[in-house]
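K.L.:
Going line by line, the protein sequences match chains A and B.
Going by the working numbering, the first sequence wraps up at 385, each residue one higher than the last.
Going by the working numbering, the second sequence wraps up at 985, each residue one higher than the last.
Hint data in this document are derived by calculation from the structure and do not stem from the laboratory.
Glycine included, C-beta positions come from ideal geometry on N, C-alpha and C.
Treat the hints loosely; a few may be bogus.
To be verified - Straight line, CA to CA, 30 Å or less: simulated DSSO-like cross-link-like pairs of lysine-lysine:
id, chain 1, residue 1, chain 2, residue 2
1, A, K218, B, K753
2, A, K184, B, K633
3, A, K46, B, K753
4, B, K873, A, K58
5, A, K292, B, K841
Unchecked claim - One-sided and incomplete, this derived list gives chain A residues near chain B with beta-carbon spacing under 7 Å:
id, residue
6, E76
7, P79
8, R80
9, A364
10, D368
What the hints assert, rightly or not - Reference listing, derived: stretches of chain A covered by chain B, where coverage requires no fewer than 3 residues with Cβ under 8 Å from a Cβ of chain B:
id, stretch
11, 19 to 27
12, 34 to 45
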Amino acid sequence: MAIRVNPRFIDELDRYGAEDVQLCYHCGDCLTVCPHADEVFRFPRKSMRLLQMGLERKIETTLEPWLCYYCGQCSEQCPREADPGETMMSLRRWLIARYDFTGIARAFYRSRTAEVLAIIGVALLTGLFMLFYGFTYGNLHVYDGEGAFLPSSFIHRFDLTVGLVIGIILIINAFRMWYFTMVKGMEIHTPWWLYIKHLYLLPWHFFSQKRYAECESKRETRVFMPWFTHLGLMLGYVIMLVLVMVFIEKLQYGPAIVWPVHIFGYLASIGLIIGTIYFIRSRLNKTYVQFKKSHGTDWVFVILLFFIVITGITQHLLHRTGLYMWANMTYVLHLMFVVPWLLRMPFSKWAHMIYRPLAMYFAAIRRDALYRAEKQFSSASITVK
Amino acid sequence: MRTGVFFCQVEHAVNLNIDAIAKYSANLPDVETVQILGRRPRLDAIALSDLIKTNNLNRIVIAGDMPGYYKPVFTKSMALAGRDTDEVRLASFQEHGARGDIALERAKAIVACANMAVPFSLVAVPSRHPVNQTTLIIGGGIAGIQASLEIANAGKQVYLVEQTGTIGGHMAMFDKTFPTLDCAACILTPKMVSVGQHDMIQLMTNARVTEVSGKSGAYRVKIHQYARRVDVKSCVACGLCAEVCPVKVESEFDAKISLRKAIYIPFPQAVPNAYLVDGESCTYVLSEGQKCGACLKRCPKECINLNESDIYTDIEVGNIIISTGYEMLDVRKIEQYGYGRYPNVLTSLEFERLTNASGLTGGRIVTKSKRFNKKTQQDEWVFTPDSVPPQSVAIIHCVGSRSAKYNSYCSRVCCMYSLKFAHLIKEKIPNVACYEFYIDMRAFGKGYEEFAERIKQEGTFVIRGHSASVDMVDGQMIVKGEDIMNDKIVEVKVDMVVLAVGLIPSHGTEDISRLLGITRDPDGWFSELNYNGNPTDTERGGIYVAGMCQGPKDIPDTVAQASAVAAGVLRSITSGKGIDHLSSISLSEIEARAKNISTL
Numbered sequence: 001m002a003i004r005v006n007p008r009f010i011d012e013l014d015r016y017g018a019e020d021v022q023l024c025y026h027c028g029d030c031l032t033v034c035p036h037a038d039e040v041f042r043f044p045r046k047s048m049r050l051l052q053m054g055l056e057r058k059i060e061t062t063l064e065p066w067l068c069y070y071c072g073q074c075s076e077q078c079p080r081e082a083d084p085g086e087t088m089m090s091l092r093r094w095l096i097a098r099y100d101f102t103g104i105a106r107a108f109y110r111s112r113t114a115e116v117l118a119i120i121g122v123a124l125l126t127g128l129f130m131l132f133y134g135f136t137y138g139n140l141h142v143y144d145g146e147g148a149f150l151p152s153s154f155i156h157r158f159d160l161t162v163g164l165v166i167g168i169i170l171i172i173n174a175f176r177m178w179y180f181t182m183v184k185g186m187e188i189h190t191p192w193w194l195y196i197k198h199l200y201l202l203p204w205h206f207f208s209q210k211r212y213a214e215c216e217s218k219r220e221t222r223v224f225m226p227w228f229t230h231l232g233l234m235l236g237y238v239i240m241l242v243l244v245m246v247f248i249e250k251l252q253y254g255p256a257i258v259w260p261v262h263i264f265g266y267l268a269s270i271g272l273i274i275g276t277i278y279f280i281r282s283r284l285n286k287t288y289v290q291f292k293k294s295h296g297t298d299w300v301f302v303i304l305l306f307f308i309v310i311t312g313i314t315q316h317l318l319h320r321t322g323l324y325m326w327a328n329m330t331y332v333l334h335l336m337f338v339v340p341w342l343l344r345m346p347f348s349k350w351a352h353m354i355y356r357p358l359a360m361y362f363a364a365i366r367r368d369a370l371y372r373a374e375k376q377f378s379s380a381s382i383t384v385k
Numbered sequence: 386m387r388t389g390v391f392f393c394q395v396e397h398a399v400n401l402n403i404d405a406i407a408k409y410s411a412n413l414p415d416v417e418t419v420q421i422l423g424r425r426p427r428l429d430a431i432a433l434s435d436l437i438k439t440n441n442l443n444r445i446v447i448a449g450d451m452p453g454y455y456k457p458v459f460t461k462s463m464a465l466a467g468r469d470t471d472e473v474r475l476a477s478f479q480e481h482g483a484r485g486d487i488a489l490e491r492a493k494a495i496v497a498c499a500n501m502a503v504p505f506s507l508v509a510v511p512s513r514h515p516v517n518q519t520t521l522i523i524g525g526g527i528a529g530i531q532a533s534l535e536i537a538n539a540g541k542q543v544y545l546v547e548q549t550g551t552i553g554g555h556m557a558m559f560d561k562t563f564p565t566l567d568c569a570a571c572i573l574t575p576k577m578v579s580v581g582q583h584d585m586i587q588l589m590t591n592a593r594v595t596e597v598s599g600k601s602g603a604y605r606v607k608i609h610q611y612a613r614r615v616d617v618k619s620c621v622a623c624g625l626c627a628e629v630c631p632v633k634v635e636s637e638f639d640a641k642i643s644l645r646k647a648i649y650i651p652f653p654q655a656v657p658n659a660y661l662v663d664g665e666s667c668t669y670v671l672s673e674g675q676k677c678g679a680c681l682k683r684c685p686k687e688c689i690n691l692n693e694s695d696i697y698t699d700i701e702v703g704n705i706i707i708s709t710g711y712e713m714l715d716v717r718k719i720e721q722y723g724y725g726r727y728p729n730v731l732t733s734l735e736f737e738r739l740t741n742a743s744g745l746t747g748g749r750i751v752t753k754s755k756r757f758n759k760k761t762q763q764d765e766w767v768f769t770p771d772s773v774p775p776q777s778v779a780i781i782h783c784v785g786s787r788s789a790k791y792n793s794y795c796s797r798v799c800c801m802y803s804l805k806f807a808h809l810i811k812e813k814i815p816n817v818a819c820y821e822f823y824i825d826m827r828a829f830g831k832g833y834e835e836f837a838e839r840i841k842q843e844g845t846f847v848i849r850g851h852s853a854s855v856d857m858v859d860g861q862m863i864v865k866g867e868d869i870m871n872d873k874i875v876e877v878k879v880d881m882v883v884l885a886v887g888l889i890p891s892h893g894t895e896d897i898s899r900l901l902g903i904t905r906d907p908d909g910w911f912s913e914l915n916y917n918g919n920p921t922d923t924e925r926g927g928i929y930v931a932g933m934c935q936g937p938k939d940i941p942d943t944v945a946q947a948s949a950v951a952a953g954v955l956r957s958i959t960s961g962k963g964i965d966h967l968s969s970i971s972l973s974e975i976e977a978r979a980k981n982i983s984t985l
């Protein structure tokens, strides 16, 4: 197989945040301290090497960037200050752009202006559409039920449409990821039943994020706060997504409180608000290694999320207090934040929600397949008795 | 000649005011254009050739720290413009010693000389004046010993000032030298003895230089000689005093892995071969004569005088050689290697003493064993002659060297001595597993690469990949690293870890640089006059550097440099003329001389 080298690859990655890759002199210290590196998946040094050599087509088949959770010990350790942790992060950004077939992710990562303009555009379109619909078919002073400004059935249909669009894009991207990593990247045969054997890993990693916590296993003073907050943020998000996609009629019902539904909403809101405040504060204070360098897209993510939570809670409170007109206006504002944020999802860091569990799943399959192949080919492992 | 002056990349010269130099060079004759291109510009030969054509230049001066780096692009641009490509002149600030107080004036002079196409070293020769015949050598390591012997054998008086109780320095602590595996003591001790016995060498041990005044060629030096408290002439080093001495402290000579008494001799072959009293730990000295005094009663020659006071000596010398050497980086700072936490993690110097045939185990390589200390009521880990030898040893290179956090430079000797350790371990312990974790193998000298190959063939696992973690699991040390060449992770259980610790200038270097007015480079080593052409001279007339204090180097290089210094000293003594300080020659003088030469 011919190996294609892209000498400009390192410059390209520079725009995704990996600035100091050239400094690396391959001592291997980063791998030594990495709690996730093992015999099969050796990183970050190898990824740094591939990057320095410009093996773009090779990197797109690797799973290593997804196995890194950026605890930052490699960057603390690095004698060259080449920042391997940030390099892995940048590779994840690049991979998101690479998996994305639309090319939007690439444009967002490379130009902050493009991203901000797109967000503002989508927000304005959403706002105008909602106002148009509300003033045409509803009454601004009614929040719920007959003649509502934004009736829940309409919102439900709207949600499902947006969800469908995102879902299709994500499925195509996930399929591309599978093709790159498991078809192009595998030179050995992968039995189909391995996919079934390791299927449980998908929900397991999705909901536990166990590996994020394992990041701390080698540290002397362990910091579990980022993992805990990240988990809270993620669970809050998933609960909210389910509520909005399935139970929107109940959620929007009022002014009485529907406890079986709303209690989840409250819990999720608490998780989201604590999470976003924690991450914004950490990024400002740069307390933990992984927060020391913030790409523009990281800021957009947390700040938008913060506003979504604030407007969501406000419109809920306004609805309970009977200020229906204000509640409706805030609702429109809320949707103006939600829709661009949701639509941005497959093209941003946020997509790691899907890619990470998939990567763990693929990694387990790959490891198993490698062990099987090794067993078949190495005569030393044959035991007669 | 229509000249263009271009300033490129001024990195090290932090206190250089480039604008001032640029303004000065604009007023030089024939200078048409002056351009500051800044730091590391990407130069375009075509654009430069256009610039040359529009200004009609036929000479180019590139000024900066590394102007040679830009010479090709300027030559190309001259060729493109159809001019004489030989007329690209370099004005290198770094090479011609533009640093310290005189940096600005000197940088101007360098540009002026380049502008007139006159070699700087031809005109910037300070005046000569008579020199005193005697020489002072600060530091009695191998560099100081070699230089003093060279000068004294030529019949000139030498004062050798050494801070510790004996000369010999670090080399006396070593067992073998690389790559020949000669016994270090066999090379060094005859030299030490001849220093001790030489008529023309006045040895001052336990002494420090406290004050230097006077002018080049006639320095007045004040030397503070700490009280030895033992008469060097009558002491026969019988050792009876140390037998009765009740005070035990860590031995500096043994890299603090063994204990010595308060009255001690650093090692049996010390020169001068006499005991000395450590005033900081001796009970008698600390109690001002109230307690102890056991050694006074025991000494058969009655040569101990615990009430002796310090001696201050004033001498006048013509030349001064600095050979203050190095010390080890404090490896406790680098926490991941567990030095200080795990007992059997050793620094290279500690291992050197352990494996030395005259060391505390008689050259047996053993692990530390636990012993109960009655005094402190705690367990402590010590080397005892009956401890067990390690079954596997890991040697980790580049500890604190080539790192952005500690020393940015390569300490140069570590690779080779680590390989030597591997050989000694393999030689002394049968069936031992020895692992070398390295980043790049820097076997740079004569016979070094062959030595490295030989060590690999001896069965040492030489692993390309640095290890950054030493862990202790159930009393077993585990060293983990990446084997980059074989593409796998190495996790080895070891009984001993030897850290090849980086070197730093010795702690007195700063004082000496202040006393003598010598600049130091950013890493703390003394700056030589010109790295390539004049590696032993400094910008001060009659002051020279030799050995490690100028930068890390191995024993052959140190000895060679020491001999080179001796040649410089003898040149000035025998000709009777010494060179003045560089600062003594002013800018206008250099300009006038350069003009004279260029009009010839």
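K.L.:
Against each hint, give a clear statement of whether it holds in the structure.
P.N.:
Verification of the supplied hints:
1. K218/A with K753/B: Roughly 27 Å separates the two Cα atoms, so the pair holds.
2. K184/A with K633/B: 69 Å, violated
3. K46/A with K753/B: 38 Å, violated
4. K873/B with K58/A: 19 Å, holds
5. K292/A with K841/B: Roughly 43 Å between the alpha carbons, so the hint for K292/A and K841/B is violated.
6. E76: 9 Å, violated
7. P79: At about 4 Å, which falls below the 7 Å cut-off, the nearest Cβ of chain B leaves the hint on P79/A intact, so it holds.
8. R80: Cβ of R80/A sits 6 Å from chain B, so the hint holds.
9. A364: Violated, about 19 Å.
10. D368: 19 Å, violated
11. 19 to 27: Contact hint for the stretch 19 to 27 of chain A vs chain B: holds, 3 residues under 8 Å.
12. 34 to 45: With 5 residues close enough to chain B, the hint holds.
In terms of the numbered hints stated before, the structure departs from hints 2, 3, 5, 6, 9 and 10, listed from lowest to highest.
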